[in-house]
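> Here are the chains, one letter per residue:
2 protein chains.
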Amino acid sequence: MPSFSWLLALYLAALTGNTDGAVARESTERNCSLTPPYLPSTAVNTSLQLEELRVQMRAMNISAYIIPATDAHLSEYIAPRDARLAFMTGFTGSAGTAVVTLNKAALWTDSRYWVQAERQMDCNWELEKDVSISSVAEWLISEVPKGDEIGFDPFLFSLKTQGDYNINLDSSDRSLKSITENLVDKVWKERPSVPPDNLTRLPDRVIQRTWQEKVEHIRTQMGDNPYKPTGLLLSALDETAWLFNMRGNDIPYNPFFYSYTLLTMDEIWLFLHVERVTEELKVYLNASCEGALCVQLKGYDTILDHLKNYVTRPGVKVWIGTEYTNYALYEVITPQDKLLTSSYSPVLTTKAVKDETEQQILRDAHVRDAVAVIQFLMWLEKTVPEGNATELTAAEYVDKCRSKQKDSRGPSFATISASGPNAALAHYSPTKETNRRLTVDEMYLVDSGGQYLDGTTDITRTVHWGKPTEMQKEAFTRVLMGNIEISRTIFPSGTRGVNMEMLGRRALWEVGLNYGHGTGHGVGNYFGVHEWPVGFQSNNIGFRAGMFTSIEPGYYKENDFGIRIEDVAVVVPVQTKYGNNYLTFDTVSLVPYDRKLIDMSLLSSEQLHWLNKYYETIRSLVGAELDNQGLHEEKDWMLRNTEPFAEIGSSASVSSSSLTLIALAVAMLHNIV
Amino acid sequence: MPSFSWLLALYLAALTGNTDGAVARESTERNCSLTPPYLPSTAVNTSLQLEELRVQMRAMNISAYIIPATDAHLSEYIAPRDARLAFMTGFTGSAGTAVVTLNKAALWTDSRYWVQAERQMDCNWELEKDVSISSVAEWLISEVPKGDEIGFDPFLFSLKTQGDYNINLDSSDRSLKSITENLVDKVWKERPSVPPDNLTRLPDRVIQRTWQEKVEHIRTQMGDNPYKPTGLLLSALDETAWLFNMRGNDIPYNPFFYSYTLLTMDEIWLFLHVERVTEELKVYLNASCEGALCVQLKGYDTILDHLKNYVTRPGVKVWIGTEYTNYALYEVITPQDKLLTSSYSPVLTTKAVKDETEQQILRDAHVRDAVAVIQFLMWLEKTVPEGNATELTAAEYVDKCRSKQKDSRGPSFATISASGPNAALAHYSPTKETNRRLTVDEMYLVDSGGQYLDGTTDITRTVHWGKPTEMQKEAFTRVLMGNIEISRTIFPSGTRGVNMEMLGRRALWEVGLNYGHGTGHGVGNYFGVHEWPVGFQSNNIGFRAGMFTSIEPGYYKENDFGIRIEDVAVVVPVQTKYGNNYLTFDTVSLVPYDRKLIDMSLLSSEQLHWLNKYYETIRSLVGAELDNQGLHEEKDWMLRNTEPFAEIGSSASVSSSSLTLIALAVAMLHNIV
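Just so you know, the sequences run in chain order A and B.
Heads up: the first sequence begins at 1 in the UniProt record's numbering, then just goes up one per residue.
Heads up: the second sequence begins at 1 in the UniProt record's numbering, then just goes up one per residue.
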């Protein structure tokens, strides 16, 4: 799945009782310039919550209040109880910032969501078609009187967000006021609660390193750090879950649980909802003691007090990763010399490289996942010509195929099932209103993934059941060439993805095509489907052997069709002729591409060779699993779709070998003549 | 020339009376652990200057003084009078930082220069094998007592350097003290003076935009800026020189002159050595009035006072480019709301895109430059087998060839003329001690460039006059493939070089080879040979049509040989099948590559095709110029060396067309049989 977060939209839609998606067909946008204003049925009346919020604002003596879209862990995907932006504005898009003053309210969001915002918001809200903090700040300066204060919840601001507001408000004589009690929560009477479910630990069979080993390993890194931190604060939800080999269900599709960890050289404090920890789990965590390998359980909401308390101890220094630590925690670590920062905590950088067991089980999960996707593609091939499949039934079916696989734990995000022009919206998920029947006349894109106890998957295939146009074939082939060029490239260990991702675009650029999303992101072992900081984005870390990333170039033709080819690959060492420490990718997603859409004449011989090797791997690994599961029809389908393509040899040897053949033929000719 | 600055070394060597280069053969490094210490003849006695500097330090009540390697304009190449680091330490390398305390002295430099430092420094100096500011700061914290101050010249610190020291000294209870009078200058009795020569203006034939037009254009950008700057401060030497179409001779090989400009919406203040401005130039600059298009000439040393004065005016806001503004100027622009920053000033970003005239004359200069290089290569081919050529005589000869070309203004940097193992040191320039005879048994690398009134050139060719090894051929061919892959790639306007430069490395990576320098840098019109911010470095701006950059992958085998293939190319628009606003490179360096070193079997058909098109261009453009200059022998040599290679067609069409031929032949065969 490409990296911007829209999957939340569906959940938020349910939350606000609003089932209208981003792309509904009805022309029902609000018109606030009429008297009385015209509001579509999809608009949410926000007068009451605004009125109540302003009561809270007056009590705090602030003239404006900023409401971001994230949670206290700066998560990419949030739980319904953190959907404060949607509650206040009615707008359920995944990206945006709202600001409320004593007499105005405004929402900032990007172009993907402008139509949706006009449909969901009432006339209490201005829509600002910008997303920069400088634009929010300019608006604040024009609306907030000099000398007044602007409130924000420091738990929902990253250090960078706070810094950016500060720079932009600098010397404007308006200042930020950090208010740790969230004002929206005070007026949100029906705010969803934290799930009551017990937390779980991973079974031993999917684990190589116990939590004790992980703790020791991280402590070694703390000891090795020249700045000698005494404590490490973990804020991102996957940091704590990874460290203790535990999982929860607090965020849709993401098996995380609300938590923080403060790991010192001789203590471990785990902040979470203690009532969700069973007695068995307490034994597992060694929770009844206070030694170096005892996990002391503390209430989730007590993190700030405990952290404050810890930094009053003499000689302590707390290490934080600035990308995932919120401003509330940062601002209590004073004075400055009690703080040590890096972009990412050592837990995130350690987790980025999978251990041998994690690598093996993540590969295994992808083999079973391939069986599910192959089953699904075969079903579509039969069902679509009969005229009964739609985007929604297809999405249901692929989920069902996955659910039958061993250790399945549901989808890893809301399936993107998009036909024809719907696929041109890279952030599309089908709704009742937008649902399209699948036909042999349209291209179809399906981007889906599964959670398994042993791994998280994410794969996109684009298919056509009829006769694709030349342009569709060319675009598809060039997207495939991009995927292959990244997959087969050889590079020194530590090379950053952002410096190689143009290989995914180059064949498209050659004919003036491109795509507007990222080229790939890390994936987890039963974790987030976007597992940062691995991937091809500019803030991602360099590739090392053992990292997993998606590779997903695409092409989108507005109002016509969309193409994306996404595979997950693991970074592996490769033997080169002269050098050491070189790496390449090994693709672990094992589903064939639509042959009908490949224009063989465009592929280089190296690309062709890669493709045939990849198909051999599918035949061997998925073939065995299909046999295992007794899926004979699926196996035949797979074999048909992985027939080797005719290969001529490498582009250099082509010339010489074919010239030899010609020479030979001509020579024979001459002899005979 | 790859982007780290060593050309200064030669000048500095002359300055300190030290002619020993970085790579002298004698094992004459100092040994400070002996009693008395052993010092080679190349070591400089620095006791006197250290003693005198410490007197100055005591007078200022500081416990340490930091001496960087740059000048007040943060120039990459500096004038002899700015070589304070060399004067204090004896060390003449181009990169380093020195720190003097009341009883110790230490130099930080990178691995390229460790041997050189051990040869040039006496035992007053510790050598710290690191270059990070955090390492300098750690040393300072251990050597400077708590509560004491560390002095620095704010004219020699960038904002970033000052900030980095500050962060690293933060909460250590040692603070930085900005001292605008340089303490080294106070003890440097024989400090070279500013050249007395008159400044010059460019002739009209090489200019499209007058300085008045440039001023208006920059003022328009100031007016369009939403932060409404009232003034623009220009600090980099090429900013002022470009704005006024003027040149000087203050820095070896770089036609710059010491200057700053403060451009406001209705005034122009030019800070320079006024005595070097002729009456004619004063008329040209309209220097006798004070209006919006009058240039008011102010003394170079009065910039700080005038700037301080300007910022006391109500409502002013000064725009600076942070990459080239020194801390001394930055710190007087207070309060903060009088300051507007961007990485680069609008002059640097405007200058980066050459106008039509600049493009044309820069292309023209490259045609004449190619004649000189071809003459040189032909001469080598004759002279080397006779056994009389050396690295030094070759360097002299190429300079001589260039000097005969129209509008020549000397070399644009010290020629890198390197045979065999010497070429493996990417920063090598020959000296008397290291000078190697050129033979048919060694590879030879020559990286050289010229200043012409109409343009600056920079080209590297690597040749072999005997029988290269298979490894040499493979490495050369893969370097060439890298050069071609960048040159022929098509990309959207605005793509950053750093995101494409791996194309220059990919063919090398494939077999585990790589190189350790940048892949290219902008070049100027009779300006710097490294003209930032254009190029492939991480802090360079995105490519736009009209920018010129070098493309220079390489490979270096320690103690054996070095390969670099460098061309200058201009970014040009390209028509694509589907999209608009796509660009590619058009190579303007026009000298053939050594055919003997190309392994044709490695090239793709696209690379081969590019190479043949390039050779066609050389034949047409350089052929005409050789005819013009009546250089018949050179023309024959050029034609021989640009014979087209056998081409088979694109890799895809290879297969089909050659298969057709075979089929045809076989069909004929059958008919006959």
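Be careful, since some hints might not be right.
In silico lysine-lysine, DSS-like type, Cα no more than 30 Å apart, as pairs [as the list claims (entries may be wrong)]:
(1) B:K557 / A:K129
(2) A:K104 / B:K228
(3) A:K129 / B:K282
(4) A:K473 / B:K577
(5) A:K146 / A:K129
(6) A:K577 / B:K228
(7) A:K317 / B:K146
(8) B:K577 / A:K557
(9) A:K577 / B:K467
(10) B:K317 / A:K228
(11) A:K577 / B:K317
Treat the hints as calculated values from the structure; they're not laboratory data.
> Each of the hints needs a verdict: does it hold here or not?
Okay, the hints, checked on the actual structure:
Our distance criterion of 30 Å between C-alpha atoms is broken by B:K557 and A:K129, whose separation comes to about 55 Å. Distance check on the hinted pair: A:K104 and B:K228 sit about 28 Å apart at the alpha-carbon level, within 30 Å; holds. Among the hinted pairs, A:K129 with B:K282 is inconsistent with the structure: their alpha-carbon atoms are about 51 Å apart, more than 30 Å. Restraint check for A:K473 and B:K577: satisfied, since their Cα atoms lie roughly 15 Å apart, inside the 30 Å limit.
Proximity of A:K146 to A:K129 is assessed by CA-CA distance (about 25 Å); at most 30 Å being required, the pair is judged to hold. Straight-line distance between C-alpha atoms of A:K577 and B:K228 comes to about 58 Å, which puts the hinted pair past the 30 Å bound. Restraint check: the Cα-Cα separation between A:K317 and B:K146 comes to about 20 Å, which is no more than 30 Å; the hinted pair holds. For a cut-off of 30 Å, the pair hint linking B:K577 to A:K557 stands: about 15 Å separates their Cα positions.
The suggested pairing of A:K577 with B:K467 holds, with an alpha-carbon distance near 22 Å, which does not exceed 30 Å. Restraint check: the Cα-Cα separation between B:K317 and A:K228 comes to about 43 Å, which exceeds 30 Å; the hinted pair is violated. As the CA atoms of A:K577 and B:K317 are separated by approximately 58 Å, the hinted pair breaks the 30 Å bound.
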